[in-house]
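> Sequence:
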Amino acid sequence: MKRTLLTLSLAVAASLSLSACAAAQNTGAPSLAKRPVEGRFDVAPPAVVVAPPGPLPADLGGRLARWEADAAGAQQAFAAERNATALLVSAAAGAPVASERWVVAQQAISRLTATRAPLTAALADIDRLYLDRSVENAIDGLPEIYALRDRLADTVSTQDGVLEALNDQLPGQ
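Numbering (mature numbering (1 follows the signal peptide of the UniProt record, and there is no 0)), first residue to last: -22 to -1, 1 to 151.
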């Protein structure tokens, strides 16, 4: 009996709330439906056609080749110096800070860092060229410029990892 009474009272409450919703629709409340004026904004903006970059200008080809050669030479010098530096750093691993072995290892790391100068200079020049051409909207050759910049940045990053590992082996770093 109580169950039937409870069910009946729930049904009456639900029907009252539904009738209130139906009554609200007839009271002139604003509709949430899309108005005709809103449809005129559904037009897609015209597509902007951008021409793809052209080939690398002739005056830049030589500069890129020179920077790439400088970077390759710097990488070879870095590779040649790396093993000798690693041996000196290993020998100084247990030495106190400012001892003879520690100073010799620091000097070797400095020489190894100096071998990177042509590479980092080439990367800086390429960054400057890329930015200048981007600002001037001179997009011809940008893919080639960026590809070389990306390769040189990867080489610098790899060398940074080597230098960091060597510095971490020395006490006081």
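Don't take each hint at face value.
Label pairs and their in silico Cβ distance ranges [claimed, not checked]:
1. A71 / G39: 42 to 48 Å
2. Q54 / P24: 37 to 43 Å
3. L65 / G139: 17 to 23 Å
Calculated from the structure, these hints are not laboratory results.
Built from N, CA and C at the ideal position, the CB exists for glycine as well.
> Which hint numbers doesn't this structure obey?
Hint check: 2 fails alone, others pass.
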